[in-house]
Amino acid sequence: MSVTTPDLEAPSGVPQEQTTSPKRKTSTFARVAKYTLLKFASIFLSVIVAVYLTILIANMGGYVDQIVRGQIREFIGQQLRADQNYQQMDPAQKNEFFLAQVERAEKRYGLDKPFAVRSLTFLWNAIRMDFGTAQLMASDTGSRQVKLIILDRLGPTLLLVGASNLLLFFGSIALALMLSRSYGNFWDKLIIGFSPTSSAPSWFYGLFLILLFAAVLRWLPFGGMIDSPPPRDQLGYILNVGKHLILPTLAIILSNLFISIYNWRTFFLIYSSEDYVEMAKAKGLSDRDIQYRYILRPTLPTIITSFALLVIGLWTGLILTEGVFQWPGLGRTFITAIGLYDTPVIVALTIIYAYLLAITVFVLDFVYALVDPRVKIGS
Amino acid sequence: MQGIIKGFQQLLKYPSAVIGLALIAILFIVSILTVIIIPRDEAIRLWRGGEAIWGQNPKTVPPAWTNLFRSKKLPETIVLTMTDESVQSEINERAEGENRIMVYSFNYIADEAPQDVVFSFTSRYATRNPFVSIFWVTPDGREIRLMEQGINYNFSYRATQDTKLSRRLGGLSPEIGLFDNPETEAVDVLKGQYQIVIDYLTFENDSSISKADVIIHGKVYGLFGTDHQRRDLTIGILWGVPIALAFGLVASFGTSIAAIIFAALGVWYGGWVDELIQRITEINLNLPILSILIMIGTFYSKSITTILGATVLLSIFSGAIKSYRAIFMQVKESPYIEAARSYGASSSRIIFNYLIPRVTPLLIPGLVLGVPSFVFLEATLASLNLGDPVLPTWGKIIYEAWGTGGAVYNGFYYWILEPAILLIITGLGFALVGFAMDRIFNPRLRDI
Numbered sequence: 001m002s003v004t005t006p007d008l009e010a011p012s013g014v015p016q017e018q019t020t021s022p023k024r025k026t027s028t029f030a031r032v033a034k035y036t037l038l039k040f041a042s043i044f045l046s047v048i049v050a051v052y053l054t055i056l057i058a059n060m061g062g063y064v065d066q067i068v069r070g071q072i073r074e075f076i077g078q079q080l081r082a083d084q085n086y087q088q089m090d091p092a093q094k095n096e097f098f099l100a101q102v103e104r105a106e107k108r109y110g111l112d113k114p115f116a117v118r119s120l121t122f123l124w125n126a127i128r129m130d131f132g133t134a135q136l137m138a139s140d141t142g143s144r145q146v147k148l149i150i151l152d153r154l155g156p157t158l159l160l161v162g163a164s165n166l167l168l169f170f171g172s173i174a175l176a177l178m179l180s181r182s183y184g185n186f187w188d189k190l191i192i193g194f195s196p197t198s199s200a201p202s203w204f205y206g207l208f209l210i211l212l213f214a215a216v217l218r219w220l221p222f223g224g225m226i227d228s229p230p231p232r233d234q235l236g237y238i239l240n241v242g243k244h245l246i247l248p249t250l251a252i253i254l255s256n257l258f259i260s261i262y263n264w265r266t267f268f269l270i271y272s273s274e275d276y277v278e279m280a281k282a283k284g285l286s287d288r289d290i291q292y293r294y295i296l297r298p299t300l301p302t303i304i305t306s307f308a309l310l311v312i313g314l315w316t317g318l319i320l321t322e323g324v325f326q327w328p329g330l331g332r333t334f335i336t337a338i339g340l341y342d343t344p345v346i347v348a349l350t351i352i353y354a355y356l357l358a359i360t361v362f363v364l365d366f367v368y369a370l371v372d373p374r375v376k377i378g379s
Numbered sequence: 001m002q003g004i005i006k007g008f009q010q011l012l013k014y015p016s017a018v019i020g021l022a023l024i025a026i027l028f029i030v031s032i033l034t035v036i037i038i039p040r041d042e043a044i045r046l047w048r049g050g051e052a053i054w055g056q057n058p059k060t061v062p063p064a065w066t067n068l069f070r071s072k073k074l075p076e077t078i079v080l081t082m083t084d085e086s087v088q089s090e091i092n093e094r095a096e097g098e099n100r101i102m103v104y105s106f107n108y109i110a111d112e113a114p115q116d117v118v119f120s121f122t123s124r125y126a127t128r129n130p131f132v133s134i135f136w137v138t139p140d141g142r143e144i145r146l147m148e149q150g151i152n153y154n155f156s157y158r159a160t161q162d163t164k165l166s167r168r169l170g171g172l173s174p175e176i177g178l179f180d181n182p183e184t185e186a187v188d189v190l191k192g193q194y195q196i197v198i199d200y201l202t203f204e205n206d207s208s209i210s211k212a213d214v215i216i217h218g219k220v221y222g223l224f225g226t227d228h229q230r231r232d233l234t235i236g237i238l239w240g241v242p243i244a245l246a247f248g249l250v251a252s253f254g255t256s257i258a259a260i261i262f263a264a265l266g267v268w269y270g271g272w273v274d275e276l277i278q279r280i281t282e283i284n285l286n287l288p289i290l291s292i293l294i295m296i297g298t299f300y301s302k303s304i305t306t307i308l309g310a311t312v313l314l315s316i317f318s319g320a321i322k323s324y325r326a327i328f329m330q331v332k333e334s335p336y337i338e339a340a341r342s343y344g345a346s347s348s349r350i351i352f353n354y355l356i357p358r359v360t361p362l363l364i365p366g367l368v369l370g371v372p373s374f375v376f377l378e379a380t381l382a383s384l385n386l387g388d389p390v391l392p393t394w395g396k397i398i399y400e401a402w403g404t405g406g407a408v409y410n411g412f413y414y415w416i417l418e419p420a421i422l423l424i425i426t427g428l429g430f431a432l433v434g435f436a437m438d439r440i441f442n443p444r445l446r447d448i
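Quick mapping for you: the protein sequence lines, in order, are chains A and B.
Counting from 1, one number per residue, gives the positions in the first sequence under the working numbering.
Counting from 1, one number per residue, gives the positions in the second sequence under the working numbering.
Simulated from the structure, these hints should not be mistaken for lab results.
All residues carry an ideal CB built from backbone N, CA and C; glycine is no exception.
It is possible that part of the hints are untrue.
[Claimed, not checked] Restraint-style ranges between C-beta atoms, simulated for each label pair:
#	chain 1	residue 1	chain 2	residue 2	range
1	A	D289	B	Y336	26 to 32 Å
2	B	Q10	A	N185	50 to 56 Å
3	A	D289	B	Q10	38 to 44 Å
4	A	L136	B	K191	38 to 44 Å
5	A	R218	B	F69	18 to 24 Å
6	B	G49	A	Y341	24 to 30 Å
7	A	A174	B	G7	32 to 38 Å
8	A	G236	B	T305	31 to 37 Å
9	B	Y413	A	N185	34 to 40 Å
10	A	L158	B	V18	42 to 48 Å
[As the list claims (entries may be wrong)] Cut-off 25 Å, straight-line C-alpha distance, at most; resulting in silico cross-link-like pairs (BS3-like, lysine-lysine):
#	chain 1	residue 1	chain 2	residue 2
11	B	K72	B	K191
12	B	K322	A	K39
13	B	K59	B	K164
14	B	K13	A	K189
15	B	K59	B	K73
16	A	K94	A	K107
Chain A with its partners taken away, still in its complex shape (with noise of 0.2 Å):
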C-alpha cells in the first residue's frame, strides 16, 4: 500500500495547446514506437539483471547446479535404458559405465568451469525458457517439463489478472470521478474514511470472502476454477468459471480499491483547480465534457503510473490469494513447489514472474505513450 503523492508538473496534455508547430517533423507514429523500444530496451535490461540476481540467489546454495546435475542423470538414464549393450552388464559395471558417462555429460554442460562462466549458461537458458525438468511435479498431460507445468497454469492466472485489473481500473477512475465532483459530502468521506483498508493484502479479504459467502451463506463456491464434473456444454462451462471467478476478483479489487480512488480522487481535485478548468467552465461547457476532456485526460499519464506501481504490488499478494481459493494459476503451482521443494519449479516460477511484471509494466507503459501527449508530440 501507498499513498502517491501527484507530481505536480505543469499539465501539458491540455487540448488547446495542441496547435501544430513548424518544428514537428516525425510523425507521431514514429514517436510513440521510438518511445516504446527505448522502454523495451530498459525493460528487457532490468529483466535480464532480475534473472541474473535470481541465479545468483538461488546458486548460493548451489540449487541451480543441482537443477542440472538432476536433468543429466535423468537423460543418461532414459538413454541407457533403451541401449542393448548397457541392459547385459552385471550392475557394478552398470553403475561404473553410467557414471562415468555423467561425468562426460557435466563436463560438457561446463559443470566443471567456475560458476561466473556457468551463471551465464543458466541465465541464457532462463531467457530462452528452458528451465529443465522438475523433481517430483508433473503438468497436466504427466510431463516433467518446468516449461509446460508453467504453461498449462498460466491461463487461469492471467485470467484473474485480467479480469480483477481491468474492473480494477475502470471503477476506480469513473468512482474518483464521481466523488471529486460530490468532494466533501458524506460519500466521499466515507470512501476516504475506508482509505487504510488497503493496507490488507487480496488473500486477507479471501478469508473473509470465504468465510461469509462460501462457509455461512453456502452463496458461492469454496474455490477452485470450474465444477467437479464441468458442465458439458460452452455456456455453462463459461458462466461455471464466471461464478468461482467472483470471489477471488472481488478479493483483489477490495484490496485495492479504496486506496486507488483515494489516490486519483486528490489528482482529480489538483487538477480541476487548474485556470483552463474554470476557464471551461465559465465558457458554459456541460460538466460531462469538463470531466472527461479537461480533467481526466490531462490526469490519465499519472493515474496509469500510479496504476502500474499498484499492479506491482498486486502480482505480489497473488501467489497467497490463488493459495486461498485454490485457483490453478501459478500462485498455487508456486506453494505446491515449496511444499514438494521442488527446485526448478521454484527458481522458473520465480523468474516468470519477473517476466510477468515486466510484461505488465511495459503494456501500461505503452498505454502511458498513448495517453501523454508529451510523447505524441515530443516535448
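Given the structure of chain A, go ahead and fit chain B onto it with the hints provided.
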C-alpha cells in the same frame, strides 16, 4: 524538529488519528506485558509442547467468553484428580495389595454435552497389574458401568472411543449418552450432580495407583480457544503482537531510513552515484520480491531475522526513493545549503545535518504507513508455511487453521478470525495515524 512536535500536536485534532494512536498504544502495552509474563523460551517450549503439556485441553474449541452470546451454554473443561478435597475415598487393606473406592462428583450445568470424557491413570506394580472399574452415576440415580479392566503403568480410557458403551447407551456417542436425559425423546443434557465411582484393586503390597484423573473436555476454553493440537491459542495470539510490531517497525524504519540516505547521497554527489542508484531502483521494481523471499525461505533459513534482513534489502530501492530524490533535488538548490557549502561544511555534514532533517516531516507519514504492509508481508510468508520455525506468529496460526486444521470446512471460525482481526487492528492503527500524518506533514494534501 519543532515542526515535528507541532505536527504531533496537530495530530491529536484528528479523531481517526487518536483512535489509531490508542490502538498502537494498546498493542505496545500488550506486547511488553507478553514478553515479561511469558518469556521467549517459555513461549517456544509451550508452543512446541505436545500432549504432555496440552493433554488436558479440548481440541479446536472457541473461547470461553463466546458463551455470553449463546442461548445454549457450552461446557467448560472439568478436571478432577484423586487429591481433590471433594473426592471421597475409602481404603480397604487386603492380604496383598489394597482395594480403594473413590467417589468423584461434579456439578454439570452446561446445555450441551462435553467433547470427550477421559480417564487417565498412572500405576506402579511389579508383575501383577491393578484392576480398575469405573461407574458413572447420573443425577437421577442411574448407574452406568464404563470400564472394567487391568491397567498398565500409564493408561488412559477415552469414553468417546468405547463402541461397546455406545451400544449400551442406545447408539448415542458415549460423551452425549452419558449426559443424556432419558425422560425426553430429544437428545438433551440432564443437569445436576454427577458422580464417578472408581474402584480399584491392587494385588501386590508395593503396588498402587498414583494418578487417577477424570478430564471432561469442554467445548469452550480460555480467552482465545484452542487449536487442533489442543494448544491454548492465547500464547500464539499474544506472542504474535510483539513479533508483528517488531517486524513491521524494524522493516519500515530500516527501509525508509536507508532509502532516504541513498536518495540524499545520490542527489548530493550526482553523476554516476545518482545514475547507479536510479538504475538499481528500476531493476528492483522489476524484481518479484515475494518470490525471492519465498526462495530465501525455502533454500536457506526461515528464521525471522533472515527474512527481515532480506525484506529490508529488497525494499530499500523502491518507489519511495524516487519521491525522496525529487524533494532533495529542490532542497539542494536552497540558499541555506549554498551558505553551508560556502563556509566549507563537509559533504557528510551537509547530507546528515542539513539535507536529511529537512525532509523528515515527509519521511514520518511514509514510515508509519509502511508498517502495516510489512506486518502483512510477514503474515503472508507465514501463511505460505515460511514462518519462523520456532516462534508462534499470527500468520502461522492462520496457516495452520486454514491448511491443516480445515477451520473453514469444519466451522472453527474463531481460529482464523482471532489472528485476522488482530492483523486488522494492527494495520488499521498504523494506517489511521499515517493517513492523518500525511495530511499534516504533506502540505499539498492539507486542503484536500
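Here is how each hint holds up against the structure:
{"no.": "1", "hint": "A:D289 / B:Y336: 26 to 32 Å", "in the structure": "violated, 47 Å"}
{"no.": "2", "hint": "B:Q10 / A:N185: 50 to 56 Å", "in the structure": "violated, 25 Å"}
{"no.": "3", "hint": "A:D289 / B:Q10: 38 to 44 Å", "in the structure": "holds, 40 Å"}
{"no.": "4", "hint": "A:L136 / B:K191: 38 to 44 Å", "in the structure": "violated, 56 Å"}
{"no.": "5", "hint": "A:R218 / B:F69: 18 to 24 Å", "in the structure": "holds, 22 Å"}
{"no.": "6", "hint": "B:G49 / A:Y341: 24 to 30 Å", "in the structure": "holds, 27 Å"}
{"no.": "7", "hint": "A:A174 / B:G7: 32 to 38 Å", "in the structure": "holds, 35 Å"}
{"no.": "8", "hint": "A:G236 / B:T305: 31 to 37 Å", "in the structure": "violated, 52 Å"}
{"no.": "9", "hint": "B:Y413 / A:N185: 34 to 40 Å", "in the structure": "holds, 36 Å"}
{"no.": "10", "hint": "A:L158 / B:V18: 42 to 48 Å", "in the structure": "holds, 45 Å"}
{"no.": "11", "hint": "B:K72 / B:K191", "in the structure": "holds, 13 Å"}
{"no.": "12", "hint": "B:K322 / A:K39", "in the structure": "holds, 18 Å"}
{"no.": "13", "hint": "B:K59 / B:K164", "in the structure": "holds, 24 Å"}
{"no.": "14", "hint": "B:K13 / A:K189", "in the structure": "holds, 17 Å"}
{"no.": "15", "hint": "B:K59 / B:K73", "in the structure": "holds, 18 Å"}
{"no.": "16", "hint": "A:K94 / A:K107", "in the structure": "holds, 20 Å"}
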